[in-house]
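Protein chains: 2
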Amino acid sequence: MKKSKWIWYPGSFELYHGMLLHNRRTSTRTYENGETRSVYYYPMWRVDAPRHNARLTKTATIDKEETIEFFSNTDTSCLVIDDMKYNSGSKITLPAGTHTVTMCGFKAEGFPAFYCIGDTFATDRSWVVAENDDNSGRHAGESELYTSLEDNPEIFKFSYKRQRPISCEKINGGMLFDLGKETFGKITISGLDTDEVLFVSLGESREEALDVKYANIGLNVKPKNGKYTSHAVAFRYVFVPVVCENCRVSVAFEYLPLKNKGAFKCDDALVNKLWDVCAYTMLLNSREGFFDGIKRDRWVWSGDAYQSYFVNYYLANNNDIVKRTMRMLRGADPITKHVNTICDYTFLWLSSIWEYYLYSADADFVVDIYPEMLDMWRFVEARLSDDGMYERKSDDWVFIDWSTFDSNGPICAEQMLLARAYECLAKCAEVVGDTEKAKYATSRYEYIKEQINKLYWSDKKGAFVDDYKSGRENVTRHANIFALLFDYTTEDRKNSIIKNVIYNDKVTKITTPYFEFYELDAMCKIGDFDYVSGMLHSYWGKMLELGATTIWEEFDPTKNGIEHYEMYGGKYEKSLCHAWGASPIYLLGRYALGVYPTDAGYKSYEVKPSLMSFKKIEGKVPTPNGDIFVKISNGRVTIKSSIDGGALIIKDRKYKIEKDIPLTIKY
Amino acid sequence: MKKSKWIWYPGSFELYHGMLLHNRRTSTRTYENGETRSVYYYPMWRVDAPRHNARLTKTATIDKEETIEFFSNTDTSCLVIDDMKYNSGSKITLPAGTHTVTMCGFKAEGFPAFYCIGDTFATDRSWVVAENDDNSGRHAGESELYTSLEDNPEIFKFSYKRQRPISCEKINGGMLFDLGKETFGKITISGLDTDEVLFVSLGESREEALDVKYANIGLNVKPKNGKYTSHAVAFRYVFVPVVCENCRVSVAFEYLPLKNKGAFKCDDALVNKLWDVCAYTMLLNSREGFFDGIKRDRWVWSGDAYQSYFVNYYLANNNDIVKRTMRMLRGADPITKHVNTICDYTFLWLSSIWEYYLYSADADFVVDIYPEMLDMWRFVEARLSDDGMYERKSDDWVFIDWSTFDSNGPICAEQMLLARAYECLAKCAEVVGDTEKAKYATSRYEYIKEQINKLYWSDKKGAFVDDYKSGRENVTRHANIFALLFDYTTEDRKNSIIKNVIYNDKVTKITTPYFEFYELDAMCKIGDFDYVSGMLHSYWGKMLELGATTIWEEFDPTKNGIEHYEMYGGKYEKSLCHAWGASPIYLLGRYALGVYPTDAGYKSYEVKPSLMSFKKIEGKVPTPNGDIFVKISNGRVTIKSSIDGGALIIKDRKYKIEKDIPLTIKY
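Protein sequences, first through last, are from chains H and U.
Note that the first sequence ends on residue 2039 in my numbering; no numbers are left out.
Note that the second sequence ends on residue 2039 in my numbering; no numbers are left out.
The following block holds chain H by itself, in its conformation from the complex (with noise of 0.2 Å):
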C-alpha cells in the first residue's frame, strides 16, 4: 500500500487556518464601572474562508484489481468510481483497467477533506481539481503532517509540554508568576478561591502584566470550582488579581516541533545567545504559518513572513509551513486589495515563490500556486501608472518600514521591489514552461530598473531619492538599501550610497530589526561584514542586555524603562517577541558559515565563508538533501558536506567540495 495523507481543495487547509488565527485577537478595555475586559479585535484586511465544497479526481490505469477505502471528515460526501457512488466509510475492489475516481464533499463547517487508502489511488497530491467552475486541473492540497486516518485537517496539529512559573510574588493585591521566559500556551489557574469573573492581566514584560489596565493581553477568566483554563495566549508574566493561598498557575505550550537543522557556534558569547534567543523567537512565531510577532496581532504579514523565510532556510529549513504562510497571504478570489493591504508586501510575496524555489527546488508548489500568481499579477498590473511603475493608490498602504518617507507619489523603494517582482515572475514562470511570460517579465523587470536609475537618482545627494516628482528630493536609507541588495545600479552610485547614505548619521536611522535584515543583508552582499557583526552588538546585543528573552518588534537604544514597551499609541503595544528580529540567523549562515544555492535546492552551491569579526566559528546549513558543515579555526576552513554540487571559495579561489569528504582550505 502507498502513503496516504488526506487531501482538499487546494488553499482550504490554509484559508481555514488562516481564517481561525486571524480572528483570534484581542485587546483590553477598561470601562467606566471600572471593569478591564478582554474584547476581539477585528482583522485589518478581507480574511478568506476556505471552500466548503470540493472534488477531487484522479485516472489511472491498473494492471491487476485494487483496492480502495474511501473517508471523508464530512457525511455529506460520496466517492464516484465510473459512475457508481458510494458513501464513506465504503471499500471497492477496482477490477484491472482504467478508473476515474473521484471524491466529492460539502462540509459547512469547517472543509471536506478526503482521505483513500489503496495504491494507484492512495491519496495524495496527484490528484486534482475537478470543480464546475474550475477544471484547471490544479492538484490536491496536502501537508505532511496530515498523513495517517486519524488525523483531523481541522485541528492544528501543535505538539504540547507542561511549563510551570520560576517565581510567584504577592504583589498590588494579588499575585505575579513568572514563566521565566516569553512562552506561548494555555494557561490553567487553578486552587482559587471564587468562582466570580475575574480579569488576568498578562505581561511580556512585569511591567505590563501589573499594570491592568494598559496590558495588551488579558484574559476574562470564569473559574468552574476555582479552576480555569484560557486559550492560547502569548506573555512572561501572569497576574492574577487576588491572594489566594492555594492558587497555582501552569502552562501548556503550545508550539511546532521544528528542529533546528542550522546551527551556529563562534568565541563571541554574546552572538551565540543571540543565535539561541533568535532561533526561540522563530519558533514562537512559526505555528500555523509564520506569523509577525506573538502576543498581538498573531497574523501572517507578507513583509514579516519573507524575512522568516529567509531565516527557515537557514534554521528548520521547513516547506511545510513556507508553502502555507504562502498560500494564507494570498486568500482567495477575488484579489481586491494588496496583500495585508500593503502594496510592498504584495511585491515581496511575488518574489517570495522563485526565492522559495531557489531554496527548496520545489517544483510542483510554483506549479500549483502560478495560476494564482498570475492573478496576483493581474490585479497589480491593473493598478500600475501609465508608465507601468507604481504609484500610490487611495486604498494602498505603503508601508516599507515603520519611517517616514515622501510617499504619496511614486515612491521609490515600491519600484525596487516592483522590479524585483518582475525579476522573480520571470524565473518563475521558466520553472513552469511559460516562456512567453518569463520574456515579458524580464523586459518589464528591465525597464523599471532602467526607469528607476533615470528619474529617482539624484547627484546632488549622491542617492536615490523617495519621490521624483515632489521636488523635496528626500532621501531615506530604504531605497538605497534595495539598490544595493538587489545590484540595482552602477558601482558608483553603489559606493556613493554607502558613503552618503549608509554610513551617513543625518540620514534617519533604521529603528526595526525588519529593515536591519534589509540593511544587513546589503551589506554583506558587498562585503562590509564589519557592519554587520558591529550591529550584532550595538543593536540586537543592546536587548538582551535588557533582558529580552525574545527579539523585539522595534528598538530604540536611546529610550529608557517602559518607553521601549510603547508603540501605537499604547504603552504595552509593542511585541517584544516578533519573528522579523531573528535575521541574525539568515546574516550568520549565508555569510559567516557563507552557504547559498546557486541552482535551486542546492543542485550547485556555493560556500564563502567569512570571520566576520569572530576569531573562529563554526555551524551548519540544512539543504532538502543534507546539512553542510561550516568550521573557520587556527587560520583554517573545514567543509563537511553531505550533498554534491558544492564549491568553497576562499579569496577568489574555488575548490570543489566533494560529497561527504572534508575539505580543508588556507583561510
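When chains are identical, the list treats them as one kind, so a pair holds in a single copy or across two.
In silico DSS-like links for lysine-lysine, alpha-carbon gap of 25 Å or less:
#1 Lys1463 - Lys1594
#2 Lys1463 - Lys1585
#3 Lys1866 - Lys1897
#4 Lys1553 - Lys1533
#5 Lys1633 - Lys1987
These are computed hints drawn from the structure, not numbers from a lab.
No experiment lies behind these values; they were computed from the predicted model shown.
Position chain U against the provided structure of chain H, taking the given hints into account.
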C-alpha cells in the same frame, strides 16, 4: 424603542442557507452485494459560502441620551462606539451628540449576525457595510423572519404540522404507507422490531416507492430502540421493507406559512381544482428560496424561480422569498460562470429584478442589489461576441427548454433574452438614478432587437430561426414565443408566427410546463384566450386525471403508466412536484382577472378582465398595499379594490376604479 432586526453582511443569510440547501440532494444506488443506499449528490455549480467576518456601522446624531444593548450570535465579536470596544451582552448609554457605532464579528461556522436593542441604533437595513475591502456603503442584510432577539438566523424558520398516512398496505415483504398526497417533511418511523440498518424507499408515486432499487429518494434508516426520524424529504409513499405489526409512520410536514393572498374561482370545477393543485405545488416549493422541484434537486434554478416570481405576485405576494432567491442565485464574487451555468438563466435573473420592482416598488432592494447586478453585467458583456450579441462559449449551458435546438452558434432565443435583460437593466438604472447606464442599456436593447429582426427572420419559414449562420433555418417555438411575449417584432410577423409556428403541429410541441408559461403568456398577450383555456384542460387537466396531487416537471399526454415518471434516463427521475407547473395561477390572475401594475407597486394599475372560456369568474389579486377583487358573472364585471390608481378596461373603454368603492360595469 424602535423594532430591531437581526442584521448581517448583505447576502450572508441567503448564501448560508443556499449553501446548505444545495448540498442536501441525494440519490439511490444499489451495490453488487444487493444493498441499496442513499448517497450524497454533488451540486452542478459552484456553491458559495457566506462571509465569516462582518463589520457593520451606523453614524447618527441623537438629541438626548440613548441606551443600546448589543448582541451577536458569536462571542468573537465586539461593538465599537467612538473607539471604545464592548463585548456581546453589553448595555451602553450614549450621551446626546453624534456617534459612530460599529459591530464586528467572526463566526467560523455559519455567519456572524448582530442585534442591537435601541432607538436610533436599533439594528435594521439602515446600518451599512464597513469592511476593509468594501466601503461601498451597502446596506446591511435583514429578513422579516428574524426580528426577535431569540431568533437564530442560522436556523431557517419553517413551520411544522403533524401528518399521518391515510393507508398502510402489506406488500412485497414490507409495508407501504400512503400520505394521500405529495408532502415534504421529517419522517418518523417507530415500532420497528430491529435496530439494523434498513433502506426505506420513498416515492412520489406508488410505483416508485415499491421499486426499491430505482426509487429516486430513500433513507438509510438506523433505528434506535426501533425508532428513527429522518431529515426532511419529499414523497407521497413510504415503503418500509420489513413487516412488523407495531410499525407506525408519521411526518412533521415542514413548510413556510405563506398565505394565499390571491384567489380564483370559476364555473369550471377542473380549473378550480387545478388552481388549488398549483397553489399547493407552489407552497411545497416555496422555502429558503423558490425551488425547482421538491423531490430530486431541491435546488434554486434561475429559470424555474423566474416563473415562481410571477406566480408569487398573484398568490402569496411575498417579497422576502423573491429577494432571498435572487441573492442565492447571484452568489458571491468572482463570477466565473453563468447563473446555474446556464446563459438564459443569467439573462432571466437580470430581467427579474426590474419585474420584481414593477410588482413591489421595492426600490431599496434594487439599490442594494444594483452593484451586484452590474458585476453580473460585466461578466455577461465580457463574453459577448464582437457584434455585441450572444454566442455560445464552451462552458455555457444553452438551455432554453428541454427540447432540441440548433444551438451551437448564436441562438435566437438567447438574443431575445439578452435584449430583454438590457431593457430591464435600463429600467433598474433609472430606479437608482444611473442615467448614463440607463441610456447605454436602452441603446443596446434597441440594437439587439433590430439585429434579431434583421438576421434571424426567415421569409421562407415565416418565422424566426434558431441560428442564422448554420444555414439550417431550424424553426422552434421558443424564440418565436419570446418575440410575441416581449413584443419584439412587427404585427405582420407576429401574425405569421401564430400561423406558421404556434398553430403549426409540425413544429415540435412544448412538453414542459416551463415553456408553456411563456407560450401561454404570449398567447394571452396577443389576446388568444381560447388557446390558454384549451391548454388548461388538455395539458394540465390530463395530469390531474392521472391522479397528480401536484404539477409535474414534464408531461407528454401520449405516454402511459410509469413511462410518465421517467426522465434523464432514470425510471423515476422526473419530479412530480415542480414549481414551474404552477403558472396557471399567474395566467388566470393576470389575464382572466386581468390585473396588472402599470407603475411600480401598483401605484397605477389596470384591470382588463376576460372570461376566457368560462361562464363566470371571481378572484382577487394581492398588491403591496391591499387586494383587488374581480368578478364577472351574469354579464357584469364587478371590481372592488383597496388601493388607489386603478382603471378598469372593458372593450377599449376605461373606467376609473375608486378605492374601496365597488364598480360594476356591463361585460
